[in-house]
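Engineer: Single-letter residue listing:
Number of protein chains: 2
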Amino acid sequence: MAEAVTKDDNGAGQSAGPIVLSVDAMGGDRGPEAVVAGLAKAAGKNPSLRFVLHGQEDVLSKLVRKRKISHITEIRHCPDVVTMNDKPSHVLRNGQGSSMWSCIESVKAGEASAAVSCGNTGALMLLSMIRLKRIEGVHRPAIACLWPSLSPSGFNVVLDVGADVKAEPRDLLHYALMGCSYARNGQEISRPRIGLLNNGTEEHKGRAEMKEAHDLISAAAKQADFEFVGFVEGVDISSDRVDVVVTDGFTGNVALKTAEGTANIIKHLLKEAFKFSPLSRIAALLAYTSMKRLQKRIDPRRVNGGVFLGLTGTVIKSHGSADATGVAAAVHLAEKLAQKDFNNRLASRLADATALLEADANGDAET
Amino acid sequence: MAEAVTKDDNGAGQSAGPIVLSVDAMGGDRGPEAVVAGLAKAAGKNPSLRFVLHGQEDVLSKLVRKRKISHITEIRHCPDVVTMNDKPSHVLRNGQGSSMWSCIESVKAGEASAAVSCGNTGALMLLSMIRLKRIEGVHRPAIACLWPSLSPSGFNVVLDVGADVKAEPRDLLHYALMGCSYARNGQEISRPRIGLLNNGTEEHKGRAEMKEAHDLISAAAKQADFEFVGFVEGVDISSDRVDVVVTDGFTGNVALKTAEGTANIIKHLLKEAFKFSPLSRIAALLAYTSMKRLQKRIDPRRVNGGVFLGLTGTVIKSHGSADATGVAAAVHLAEKLAQKDFNNRLASRLADATALLEADANGDAET
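So the sequences go chain by chain: A and B.
Taken in order, the first sequence gives residues 1 to 367; the numbers are from this note's numbering.
Taken in order, the second sequence gives residues 1 to 367; the numbers are from this note's numbering.
Think of the hints as simulated: they come from the structure by calculation, not from any bench.
Be a bit skeptical, because a hint or two may be false.
[Said to hold, decoys possible] Simulated restraints on C-beta separations:
(1) B:Arg134 <-> A:Ala351: 44 to 52 Å
(2) B:Glu74 <-> A:Ile282: 49 to 57 Å
(3) B:His332 <-> A:Ser277: 26 to 34 Å
(4) B:Asn344 <-> A:Ser277: 40 to 48 Å
We put the CB at the ideal spot given by N, CA and C, even for glycine.
Full structure from sequences and hints, please.
Structural biologist: What follows is the structure, encoded as structure tokens:
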């Protein structure tokens, strides 16, 4: 049974028929124009895409006509918009009329395979967690982000980057399994290398729960068909030693924002360096295109979003300032995950792991 | 009493007479040549410096003669050298004959005001902790590093970056007080801005111990004369919002190494960007000096060392690959801290804080 699931998870089997995605048109920094332009861009590449689009009908109907996607788009009128400054708890209490709420409900109702939103991360996360329940056996859902790295795919998967401030060893095992599925289905890596983030001082006793998590993940590696590289350090997150880095949401969030701060200060100092002398100013002019390319590659906003894992539906947070290209990329990811029936495969994997753990606890794992 | 200490801590009072520093000549990547050259460089700027130099006598006596610092240097012959690959626990058991051990003993014996070593960080930390006891009231010592930042001094103090994997709220208070003293005496910031590192999602319940630490640090701010800016995020570590960032050694270590990894990948991608086209190759030539300057400013090795705080003596870890300039900088820091009687002031501060906490627990803090 487990073997069958593993193969299925690796398989390239595509579902026939249209892929329906639920899209929150509002709440992004560039407004619904950018979102609809992104959908048109994505649809141009994949004719089997269909959208349920949530937001203000009068605005959206004009936009979808302009972008010529009326025939593949169903608009759901929502009077309210969740702004970037709304408190998540406020949205949960009062957000029933918002496009974000409606966007998640479409996934909950089963009419769409995945939700995409450029809106307020905290609110989207809280709504997703409360409205879409957790997959059975999952205690803590996680947010996975793509982190620019030297790995062949150009990105590593890091989770949790902020869904929860704590993680027990069993949660970290779930993160490993979820990250593995995500890398396989979203990043096309058949046998992901998974690392568990730890501090580097081997001689010092690490946190006891880290060692327990290490053993749990190590024991699951064979059945779940990933390579466990063991403990990794902060310096490895962006390296090509791993494809997936597992950590609790507190540490992951600090690491993500520390990387963002580091990129900020380097950018600032680079600008200063280029202003230093007439020669360096000429160099700056000549290097302009290269710099733009570099900036795009490591833009913190690109890694600031993420996929919510461990819920009964797939929710993708595109970054708030996404332009049409950014939205199209998020839609492409949603499409890929939907096509591969990602969320059901994830649930199977977690069920298998839970069974394995229980068998292990009963002492018959090796039989 | 507390007021007097605060003033003293801020004061510029310099101790008369020579400043004696204990220096481990061995174990750095560039060998004793770089260390002795660094001492000569530092002594050239401050004639009141004296050194107790630990290492192989035959080698060192030639070097100090060559660098003309024989008259201010006392050599202590040590047959053994701790290498970068030695396990800290092994050094603790078998390192009595090493220059590192001897270097710390000089501080313990009171014949030197501070120790400087370019050697194996883990071994130096373990030896320092075991041989130099903790300051009374301190449960967990910490390693503080200087983190490149946009603050006026160019660096923020971050602690703990790896002395211990855990920290209770009271430990985090001690880190705040130790970091404050360090910023004041080492960085010349009279009223440091202190932040407590947390994950950024305000709406989610932060870890309970973080809130407790927040309240403890907040309550100590007035008496200890620092500005508490409250919770800060990873992105703030390199910002000019704070001078001191307080965190546990697990998170601090991950953050430090994540920043190092981020700098690495940016450097790598920058090189690639400069190779992209003939024009960008010309740009690279013109930008060479600017890039070197930038690299020096954010060199991870510069932030990889640190000061051990909370022990009965001051120990400074210079980076392993320090050249003469690097060693001179570490010596200059040791000299500055020794001159200001840093460690005794730190002990007074911590004693005051402990008294305050106890008074608070007895309900008479506000009287």
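Engineer: Now tell me if each hint is right for this structure.
Structural biologist: Verification of the hints:
no. : hint                              : verdict
1   : B:Arg134 <-> A:Ala351: 44 to 52 Å : 49 Å, holds
2   : B:Glu74 <-> A:Ile282: 49 to 57 Å  : 54 Å, holds
3   : B:His332 <-> A:Ser277: 26 to 34 Å : 28 Å, holds
4   : B:Asn344 <-> A:Ser277: 40 to 48 Å : 46 Å, holds
Comparing the model with each numbered hint stated earlier shows that all of them hold.
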